[in-house]
Structures are given as C-alpha cells and as structure tokens.
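Quick note on numbering: the sequence shown equals residues 0 to 198 in numbering that gives the first Met the number 0.
Derived by calculation from the structure, the hints in this document are not laboratory data. Fair warning: this is a prediction, and the values are worked out from it, not measured in the lab.
Think about it this way: if two alpha-carbon atoms lie no more than 30 Å apart in a straight line, the pair counts; the simulated BS3-like pairs of lysine-lysine are:
no., residue 1, residue 2
1, K14, K77
2, K173, K68
3, K19, K68
4, K29, K3
5, K28, K17
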Amino acid sequence: MIYKMFTGIVEEIGKIRKIKENDLVIDCKKVIEGSNIGDSISVSGICLTITSITDDSLHFQLTEETRSKTFFGSEQEKSMVNLERAATFDKRIGGHLLEGHIEGTAICKKISILKNSNEVIFEAEKIIIDNIVEKGYIGIDGTSITIVSIENNQFAISLIPHTMDITTLGHLTKNQIVNIETDINARYIRKYVEQIMKN
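Generate the whole structure from the sequences, applying the supplied hints.
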C-alpha cells in the first residue's frame, strides 16, 4: 500500500474562491501542474482529494470530520491557504513527513517581531501539547516548523522571513486559528511507551 505523504514545504499560497457547505474551490497556478482528479493535495495541512480541475482552480469536498478537526469548522473567515502536492519518491524531504491528518487546532496568542525573525506563541489542547517536544517538528497549516519551547498549554516557534514570505504564516494575526499535525514519530513513540508502562 502506498501512502500519500507531504514534506511540509509549501509550494504555493492558494486563494479561496468559494467555500459553501462541503464544496471548496481554490485558485492556484503551480500545484495544478501535473495534478489529476483523485490526487491528494495538502491544503493548509489537510489532505484533500481533487474532485475537479479548471485552468486556474482546484475543487475539493470537505467532510464533517474535516470541519470538526480543522479551521474550516471555525467561524473565522479564510482567504488564503498553503498548498503542497503529495511527495514523490525522487523528491527531497526538506521539512519532515506529514500525513495531512489534522489532530486539532491551535490559537495564535502572541506575535513578537524580532530583528531577524518573528516569535509566535500558540495555545493548544492537551493532546497536542502531549505529542510535541522542544526542538522537535510540528506541522502548522501544512508548514514544517521547529518548536522552540513549550510551557504549560503553549508552545513557541520562530518564523524566518523566507517562511513568512512563501506561506500564510506571514499573515498570522493574534487569535487566529491554525491547523496542527504533530510529528508522527513522536506519536508512535508515545503510544509505544504508554503500552510498555501499562504492562
């Protein structure tokens, strides 16, 4: 069985043309190239299947599960999304492997503008905090990011100018909701340790 995986390296910022009920239409250019109906695309970290293609847009359908786990289920309006095509065997993994299975969301609590980067603090639910470690990876809106620090129910990251230029994270605002996928390796290790402790 071949699994669809992503690298967390955003290829393009797409513009949401339409989101009505379960229909999602995104205007884009680069990720359309070589894409076919049935292919998987990471849409701000969510693995979605292409249902239709036009010259300048991709069409998807959202399930109830997707809405309940992601920012599409919130009342916040979204105009831009990060896009990445599924990885191929000959593609370098510049970030870390992501499945496109969102575990939940986090809220941007504070943005500090520093000399060479922005420090961003997020607040997340316990299940996410339990699955992350300092200096480990996390997927935020489909972008591979390194965690700087963790304290209670919050974690901090640093965004360099390049990341802010090519992803939607450069447009973050306070109280904005983002999609989160923790590192799959960390989740498996945690589950394994829990099983050992039970025995």
